[in-house]
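Participant: Sequence:
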Amino acid sequence: MRLVIDTSQVTFTVGREAQPKTDQNGIQRVERSTNVPMWTVQLVAMDGSGAEVIGVTVAAPQAPKVSTGTVVTPVELQAIPWAQNGRNGVAFRAVDIKAVSGSKTSANSAS
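Under my numbering, the first residue of the sequence shown carries the number 15, and numbering increases by one thereafter.
No lab work stands behind these hints: they were computed from the structure. Everything numeric in this text was worked out from a predicted model, so none of it was measured. Certain hints may be false.
Each pair of labels, with its calculated beta carbon distance range [claimed, not checked]:
| id | residue 1 | residue 2 | range |
| --- | --- | --- | --- |
| 1 | Arg16 | Gly116 | 27 to 33 angstroms |
| 2 | Thr21 | Asn99 | 29 to 35 angstroms |
| 3 | Trp96 | Gln33 | 18 to 24 angstroms |
| 4 | Gly116 | Ile41 | 35 to 41 angstroms |
In silico BS3-like links for lysine-lysine, alpha-carbon gap of 27 angstroms or less [as the list claims (entries may be wrong)]:
| id | residue 1 | residue 2 |
| --- | --- | --- |
| 5 | Lys35 | Lys79 |
| 6 | Lys112 | Lys79 |
| 7 | Lys112 | Lys35 |
Beta carbons: idealized from backbone N, C-alpha and C, even for Gly.
Use the sequences and the hints to build the structure in full.
Facilitator: Written out as structure tokens, the structure is:
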């Protein structure tokens, strides 16, 4: 089950730039249905109750172009609960991660 998250009350900042999402052998994973490479971006999600660091997966031919410290918007952010071999958690996935207008990256590119 995939649950779409309402992000309207959350601010997201890039904690670490996009990295290839790899399997246990270090090989970059690809989306099964499209064979498009998958990337993970570390985001710091902040709302009125505090902050949490999450890894968000994006399937795209190229890594999302966002820099550390940039305020971003994850497009169509989903939470995907999982359970495997007695372990469980929540994976996060988005269609894209876009810099918010006026954020660090936008200000640097205007110079």
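Participant: Give me the numbers of the hints this structure contradicts, sorted from smallest to largest.
Facilitator: none
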